[in-house]
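> The listed protein sequences correspond, in order, to chains A and B.
Here our numbering is used: the first residue of the first sequence is 376, the next is one more, and so on.
Here our numbering is used: the first residue of the second sequence is 376, the next is one more, and so on.
To be clear, the hints were calculated from the coordinates, so they are not data collected in a lab.
Fair warning: there could be bad hints in the mix.
[Stated by the list, open to error] Straight-line distance between alpha carbons at most 30 Å, and here's what the computed DSS-like set of lysine-lysine pairs gives:
(1) Lys563/B - Lys757/A
(2) Lys757/B - Lys563/A
(3) Lys757/A - Lys487/A
(4) Lys690/B - Lys624/B
(5) Lys526/B - Lys563/B
(6) Lys526/B - Lys757/A
(7) Lys624/B - Lys757/A
(8) Lys487/B - Lys563/A
(9) Lys624/A - Lys757/B
(10) Lys487/A - Lys563/B
(11) Lys526/B - Lys690/B
(12) Lys526/A - Lys690/A
(13) Lys526/A - Lys563/A
(14) Lys690/A - Lys624/A
(15) Lys757/B - Lys487/B
(16) Lys526/A - Lys757/B
[To be verified] Non-contacting residues of chain B with respect to chain A, defined by C-beta distances greater than 12 Å in every case (computed):
(17) Ser469
(18) Ala605
(19) Val653
(20) Asp684
(21) Glu691
(22) Ser728
Even for Gly, the Cβ is constructed at its ideal location relative to N, Cα and C.
Chain by chain, the residues run as shown.
Number of protein chains: 2
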Amino acid sequence: MAPLTDLYQLTMAYGHWRAGRHRAPAAAELFFRRGPFRGSFALGAGLAEGLRCLRAFRFSAADVAYLRSVLPSTTEDAFFDYLATLDASEVTLSAVPEGSVVFARVPFLQVKGPLLVVQLLETTLLCLVSYASLVATNATRFRLLAGPDMKLMEMGLRRAQGPDGALSASKYSYIGGFDYTSNVLAGKLYGIPVRGTIAHSFIMSFTSLEEVQPRELPPLAGGEPVDLVALAELWLGQVCELLQTPPEKANRGELAAFVSYAITFPRDFQGLLDTYCVRRSGLPNFCAVALALHQLGYQAIGVRLDSGDLAQQSKEIRQVLRACGAHFQVPWFETILIAVSNDISEQSLEEFSREGSEIDMIGVGTNLVTCPLQPSLGCVYKPPLGIERPQEGLPRAFSSPGWTTPALSAFPHSRGVPAL
Amino acid sequence: MAPLTDLYQLTMAYGHWRAGRHRAPAAAELFFRRGPFRGSFALGAGLAEGLRCLRAFRFSAADVAYLRSVLPSTTEDAFFDYLATLDASEVTLSAVPEGSVVFARVPFLQVKGPLLVVQLLETTLLCLVSYASLVATNATRFRLLAGPDMKLMEMGLRRAQGPDGALSASKYSYIGGFDYTSNVLAGKLYGIPVRGTIAHSFIMSFTSLEEVQPRELPPLAGGEPVDLVALAELWLGQVCELLQTPPEKANRGELAAFVSYAITFPRDFQGLLDTYCVRRSGLPNFCAVALALHQLGYQAIGVRLDSGDLAQQSKEIRQVLRACGAHFQVPWFETILIAVSNDISEQSLEEFSREGSEIDMIGVGTNLVTCPLQPSLGCVYKPPLGIERPQEGLPRAFSSPGWTTPALSAFPHSRGVPAL
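From just these sequences and the hints, can you work out the full model?
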């Protein structure tokens, strides 16, 4: 971990070493100057990573050999020998608890130790803390706008800065108040609940009901398997009659995909509604399959929308689900989860709220993980403030007064809802 | 690497497996729909990572155990057994050479193989290629604006999405035409030339000339060490007289820092000029130390500015360097490198060019690595276009026609200058 720093930290470190002040007691504080996203607060995060980095702080023989090749040729051998012995065992790191609410100009991570190491840690700690805090803060802002009952899912794996950026995004979005991630590896590594539905490509991979294989599903309570294709086709006729939509407009490839998915996951059936027309195809097909499943004792769990006016459509979908539930006497039908995705931003959440949507779950990708409103927190790592004169024998930039721990309370992650 | 994907890829994979079409031949193409940053092109990058990911594609026993815990309980054991045997050995990946110029809607990475694996790779490949291509493109835009002779240095380690985001930023900025990185680990891992100067904290850690330790430097040609502190003070008087600035305005802590750095790195002396007043302190102090070094046979290599009107100041600095060079008969003085940093954006580069700056080297951090103008490339991974009807027995979404390799020429990285 030690070489994860800017080169100038090492040239300056050599400067301090050569002047004999590399072991002078020093301190630094990490903070940001303005609240991100024009807001008044942030969540301090990445602090546990900072601790891990301290434990792993060491230059390997290969690191030292590399540094020899890039530092000026006049650099003394003894400095490299010294680097090879260096660790952070004399460094003390203090921080607010992970996920605490923090404010501009109030340090939330403090480092004390020998000058040389305290300085070398600057870039590393900034790298570990800045994005973690930024994306946790962004997640919290989504949570505050969405309210405590909305299910929020992070799905930015394909939009982040590579695998590690994506894992950080999943982890710190969860700390910021999201409920789920789509990222399987993040689920495995961090224990974050993972969720997923189906993609348009799956729906489009079917063109006719003949492609469904296998076609039969046994009832939940046991008994003879039933041809779910035929059953869904029967229900489609009834649903179209109720909804007054022409049955020929319900795409049979989509119906085939839904039936196939339902046979595969009879207790977890979900439909993606907008591959073709939501109102005349996606919704009737979904209802038909969900009613067929119901006849066999299973409950569908949800639908997803990925385009169009999501708030407006969610209301129309809820109406249809209610109508089907009432007409066919399936009370749970109206509680089917409505999930949405498609470039969801803070503005989208404000619109959903203003329009009184029927949305239960929101997937957020790009606008969560890339933090486009402010893609960098701009943290700084400075000597403690309030030093007018350097202490005797200590370099001013890192001299160490007593500091007062900021009185920040921990940020509880209960029910995924930040308590502000 | 295999679990670095969205959960829905696995639920759909199970769907395909259960329908017996998991080994159907399939294909997918990776492209973007609109050129990033409102531009007409991008650089395709991350392609080598894609190949590495294919080689490493495998679900470990622990991965499979985790998947068992998150996929619906109805998922058959045989599917997990199948996942445990899966690799990408039957997958062919074709791509343009790393760093090629690519255009909207023209695939630059193509995957062929069994449907199930081709689909599982979707999110992973998007994750590996999207940010890599985006930041390489961003770097190229900076290079095009800066011109072929400007030295460009990436210094975004503290602003990227964690360590791996930062390493990707360094690597793909170099592919995009940057000359250097500040990131030591990136230098070590990828062989990118690393550079660094000094920070304000180093300058501020000195308050008086008494703190300089050691104080002496032997001449380059050998001989008795000379008190560089005293020599620099003598030169400061002469420089201030030439520049008509009051010697008492030249901050002695800054002079001490410069002298200390010069003694430490006599062949690589650089000055950061803007800790105090550039004109009355930073510049006279730098010139004094550089002239003292010159007297001992050494050449200073550069100055850096990190605030204010960079273009305007660069011109004033060049004037002073020329004046000193002429007056004290030190011809190399006017060629001292002027480096700038401080929130450099594309707009900054346009301004530098418009104002006719004297800048030789530019450090770019936040605006390079976070790509704030468009923080996500928005790549998609789709079945090849132009398929009206699915091939017999193949699912439509991934059916595989013959495709024509896009006629893209390789993007040479000669002298860091993209040839467009």
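> Work down the list of hints and note, for each, if the structure agrees.
Tested hints:
{"no.": "1", "hint": "Lys563/B - Lys757/A", "result": "holds (27 Å)"}
{"no.": "2", "hint": "Lys757/B - Lys563/A", "result": "holds (27 Å)"}
{"no.": "3", "hint": "Lys757/A - Lys487/A", "result": "holds (12 Å)"}
{"no.": "4", "hint": "Lys690/B - Lys624/B", "result": "holds (22 Å)"}
{"no.": "5", "hint": "Lys526/B - Lys563/B", "result": "holds (20 Å)"}
{"no.": "6", "hint": "Lys526/B - Lys757/A", "result": "holds (29 Å)"}
{"no.": "7", "hint": "Lys624/B - Lys757/A", "result": "holds (25 Å)"}
{"no.": "8", "hint": "Lys487/B - Lys563/A", "result": "holds (28 Å)"}
{"no.": "9", "hint": "Lys624/A - Lys757/B", "result": "holds (25 Å)"}
{"no.": "10", "hint": "Lys487/A - Lys563/B", "result": "holds (28 Å)"}
{"no.": "11", "hint": "Lys526/B - Lys690/B", "result": "holds (17 Å)"}
{"no.": "12", "hint": "Lys526/A - Lys690/A", "result": "holds (17 Å)"}
{"no.": "13", "hint": "Lys526/A - Lys563/A", "result": "holds (20 Å)"}
{"no.": "14", "hint": "Lys690/A - Lys624/A", "result": "holds (22 Å)"}
{"no.": "15", "hint": "Lys757/B - Lys487/B", "result": "holds (12 Å)"}
{"no.": "16", "hint": "Lys526/A - Lys757/B", "result": "holds (29 Å)"}
{"no.": "17", "hint": "Ser469", "result": "holds (20 Å)"}
{"no.": "18", "hint": "Ala605", "result": "holds (17 Å)"}
{"no.": "19", "hint": "Val653", "result": "holds (19 Å)"}
{"no.": "20", "hint": "Asp684", "result": "holds (21 Å)"}
{"no.": "21", "hint": "Glu691", "result": "holds (24 Å)"}
{"no.": "22", "hint": "Ser728", "result": "holds (25 Å)"}
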